[in-house]
Amino acid sequence: MNLQEAETYAKKIFSTKWIQWKHKGSKPANDKIEKTKNVLLANLSKKHCSTCLNLNECCFTIEKMPPIPLHPNCHCSVISIPPITATAECSIRKFTNYIFVSSAVNNKKELFELWGYDITDSEYLQNEFIKQAQIAYSIGDYELKSLDAFGQRINIKISLKKKGSNEYATFFSSWMIYPNGKIMLITPYGGKIK
Amino acid sequence: MKEYDKVELIVEKSKYTNKGLHKGMVGWICDPKKINGQRLVCFDTLDDLPEYPIVSIEEDDLKIIWVSPD
Numbered sequence: 000m001n002l003q004e005a006e007t008y009a010k011k012i013f014s015t016k017w018i019q020w021k022h023k024g025s026k027p028a029n030d031k032i033e034k035t036k037n038v039l040l041a042n043l044s045k046k047h048c049s050t051c052l053n054l055n056e057c058c059f060t061i062e063k064m065p066p067i068p069l070h071p072n073c074h075c076s077v078i079s080i081p082p083i084t085a086t087a088e089c090s091i092r093k094f095t096n097y098i099f100v101s102s103a104v105n106n107k108k109e110l111f112e113l114w115g116y117d118i119t120d121s122e123y124l125q126n127e128f129i130k131q132a133q134i135a136y137s138i139g140d141y142e143l144k145s146l147d148a149f150g151q152r153i154n155i156k157i158s159l160k161k162k163g164s165n166e167y168a169t170f171f172s173s174w175m176i177y178p179n180g181k182i183m184l185i186t187p188y189g190g191k192i193k
Numbered sequence: 000m001k002e003y004d005k006v007e008l009i010v011e012k013s014k015y016t017n018k019g020l021h022k023g024m025v026g027w028i029c030d031p032k033k034i035n036g037q038r039l040v041c042f043d044t045l046d047d048l049p050e051y052p053i054v055s056i057e058e059d060d061l062k063i064i065w066v067s068p069d
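Line by line, the protein sequences are chains A and B.
Residue numbers for the first sequence, in numbering that gives the first Met the number 0: 0 to 193.
Residue numbers for the second sequence, in numbering that gives the first Met the number 0: 0 to 69.
Everything labelled a hint here was simulated from the structure, so no lab data went into it.
C-beta atoms are modelled at their ideal positions from N, C-alpha and C, and glycine is treated no differently.
Honestly, I wouldn't trust all of these hints.
Some, not all, of what chain A presents toward chain B, calculated at C-beta under 8 Å [unchecked claim]: (1) Lys31; (2) Lys34; (3) Thr35; (4) Ile80; (5) Tyr97; (6) Phe99; (7) Val104; (8) Ser173; (9) Gly190.
According to the in silico footprint, chain A covers these stretches of chain B (three or more CB under 8 Å from chain A) [what the hints assert, rightly or not]: (10) 4-16; (11) 43-49; (12) 58-68.
So here's chain A without its partners, still in its complex pose (with noise of 0.2 Å):
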């Protein structure tokens, strides 16, 4: 980041409103077990739901938020927050496991193989992931899409610079929000952007 595009982030941190999505009564689910328990809690209970109860404490932009309420009954608030301090969290199997597998199973690998990146690449995409994804959330540089009891997705651009040249891919990854300010990846190539 040169010295022009620090200062328009900085302004872009201050200016971005927040909002924190609030469940009554119920404890965020900061995991996948805790989803998990907070789908279990709304199948037996029937007084909550699934989506709301795993929105608990999730941060959004103003402009950028689920609709509020969500369904009739919904005894869901928001409440104003300061600039969040976004984190990313990013699995380096999404790679390994997912990107860079046999060209039988996808068509990934040989798009970043195509941009100069092989398996052993893995750990900077994962940590190049994170740098940006973290930086784009916390100005509110996203775009919201689907949300069910999973979780309130959401997609981040991503510029890699392809090797030995001075163009870059640039394409959707998507993630999942999770509460106070933490995103996780989804998917790390979610389509080209046109």
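Since chain A is already given, all that's left is putting chain B on it; use the hints.
For chain B alone, coordinates are given in the frame of chain A:
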């Protein structure tokens, strides 16, 4: 059935066709969770679409066509 497995949609149901998904379409399980008997599937062979659909699908409506190594 687990994350990273490649799967095929083996039924034609309105809840999937409404989202542009049809029997025979192929994707991969992109989330470790199984919720209400459903898996989150990214249909990453639909290269003509601007972006790949990521949809929760009932496990019974899927067939594994490639098992990801552990």
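Hint check:
Using the Cβ-Cβ criterion of 8 Å, the hint placing Lys31 (chain A) at the interface with chain B is satisfied: the shortest such distance is roughly 5 Å. The beta carbon of Lys34 (chain A) comes within 6 Å of a beta carbon in chain B, closer than 8 Å, and the hint placing it at the interface holds. Because the beta carbon of Thr35 (chain A) sits about 6 Å from the nearest beta carbon in chain B, less than 8 Å, this interface hint is met. For Ile80 (chain A), the interface hint is violated, since its Cβ never comes within 8 Å of a Cβ in chain B; the closest pair sits about 26 Å apart.
With a least beta-carbon distance of about 6 Å to chain B, the hint placing Tyr97 (chain A) at the interface is held under the 8 Å criterion. The criterion of a C-beta within 8 Å of any C-beta in chain B is not met by Phe99 (chain A), whose closest approach is roughly 12 Å, and the hint is violated. For the restraint placing Val104 (chain A) at the interface with chain B, the shortest Cβ-Cβ distance is roughly 5 Å, inside the 8 Å limit, so the hint holds. Look at Ser173 (chain A): its Cβ gets to within about 6 Å of chain B, closer than 8 Å, so that hint holds up.
Checking Gly190 (chain A) against chain B by beta carbon gives a least distance of about 3 Å; that is within 8 Å, so the hint holds. Coverage of the stretch 4-16 of chain B by chain A is violated in this model, with 1 residues showing a Cβ closer than 8 Å to a Cβ of that chain against a need of three. A stretch counts as covered by a chain when three or more of its residues have a beta carbon under 8 Å from one of that chain; for the stretch 43-49 of chain B and chain A the count is 5, and the coverage holds. Residues of the stretch 58-68 of chain B lying with their CB closer than 8 Å to a CB of chain A number 3, which satisfies the three-residue condition for coverage.
Hints 4, 6, 10, counting from the list given before, are not met by this structure.
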